[in-house]
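Position chain Z relative to chain L; hints supplied.
Chain by chain, the residues run as shown.
2 protein chains.
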Amino acid sequence: MPSFKRTATIEKNGVNVSRLETGSHTGTHMDAPVHFVAGGISIDEIPVGKLIGEALVCDFSYKKRGSGITREDIEIVLQEKHETLGEGDMLLCYTGCSELWGNPEVNSDFTYLTGEGAEYLVSRKVRAVGIDFLSIEEFHSKDHKTHKTLLSNGIFIIESLNRELKRFVGQRVLFLTFPIKFKGGDGAPCRAVAVPKVVKRRD
Amino acid sequence: MPSFKRTATIEKNGVNVSRLETGSHTGTHMDAPVHFVAGGISIDEIPVGKLIGEALVCDFSYKKRGSGITREDIEIVLQEKHETLGEGDMLLCYTGCSELWGNPEVNSDFTYLTGEGAEYLVSRKVRAVGIDFLSIEEFHSKDHKTHKTLLSNGIFIIESLNRELKRFVGQRVLFLTFPIKFKGGDGAPCRAVAVPKVVKRRD
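Note that the protein sequences, when read in sequence, are chains L and Z. Read in order, the letters of the first sequence are residues 1 to 203 in the numbering used here. Read in order, the letters of the second sequence are residues 204 to 406 in the numbering used here.
One should not assume that every hint holds.
[Said to hold, decoys possible] Here are some chain Z residues the structure puts well away from chain L; computed CB gaps all over 12 Å:
1. 269
2. 271
3. 327
[Said to hold, decoys possible] Examples of chain L residues toward chain Z, derived with CB under 10 Å:
4. 18
5. 191
6. 192
FYI, nobody ran anything at the bench for these hints, they're computed from the structure. By construction, the Cβ of each residue, glycine as well, lies at the ideal position given by its N, Cα and C atoms.
Just chain L, with the same shape it has in the complex (with noise of 0.2 Å):
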């Protein structure tokens, strides 16, 4: 859990002052990939260009609860919105998990996206993918196969975005995300920003 505790006040020392101890993937944080490949690249070394850009919000609320976004769930809501994901855009999945945060329940049965699901987003040449809820992975999965996969080819993972993303749903936004700079970091806190109708789609 993370902690914040302040460490001087105005009353006694005239200032306030805090200090926070957390985990590299407590909280709306990026996983760099370092956190499941070895001599990958750590926090540090994501260029700032690739943490602002276009993304995608995609309502996957639909699904039930603790079952995967697969490659066809992706394509129908592409279909459905006359969208598609190019080279470069960053993918944003709304669940609903976020909405039941705080029920220890869903913490062990949240949706995620598949596998085959991030072996498709690599063939899109997406630069990032974001989830609503604590992981993008299957919980207890064994292989870690949707990390690896996005992690592998140098897709950055947002987690934990929370529930105010379901006011984007459906639209293109211009994302920014910027996680604590730490080296070798395999993953940091991080602010995520969407500005809405800001950047047009080009066709």
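Below, chain Z alone, put in the same frame as chain L:
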């Protein structure tokens, strides 16, 4: 000192995971009003729209190290560059102290913003002030006038921007600075990104 320790490794556990410990005012970070102002807003209460905007990067590296940047210094730089500080602009101060990072004597003898300089920035209604070294305040200040003047007027502060700021000296940039969002945070590590020459000045 911050620490970033691996708690799981690919070799032993199949995955790299780390534990992060740091201060709320360590590394590149943002100060929220509640850092010095009882009842002031905290990091999580700064509207995200305030974190993206136009910044003017000014060169104060000609000043003797350890001296204070005054109202007059700012006015002279603005005049030389045919610039003004408008409502909502951010001011980023390049002192050059960041070039001496790691030299212990600089940590107690760095260029700062005077309280009177801070009052001038309040009168200009700037949105935020950044600096390329440890603090915007004179070392061992007793009254912390610079912090208190800015923060009590809702002007947030970004400290420990690094020597890369030099690249943007004399320019207006699009400046994005996203702190990690912690409830009640007096400050937080942030990532700061400058995009040059994207936003043109309206004259």
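Which of the stated hints cannot be reconciled with the structure, identified by number in ascending sequence?
Every hint satisfied by this model.
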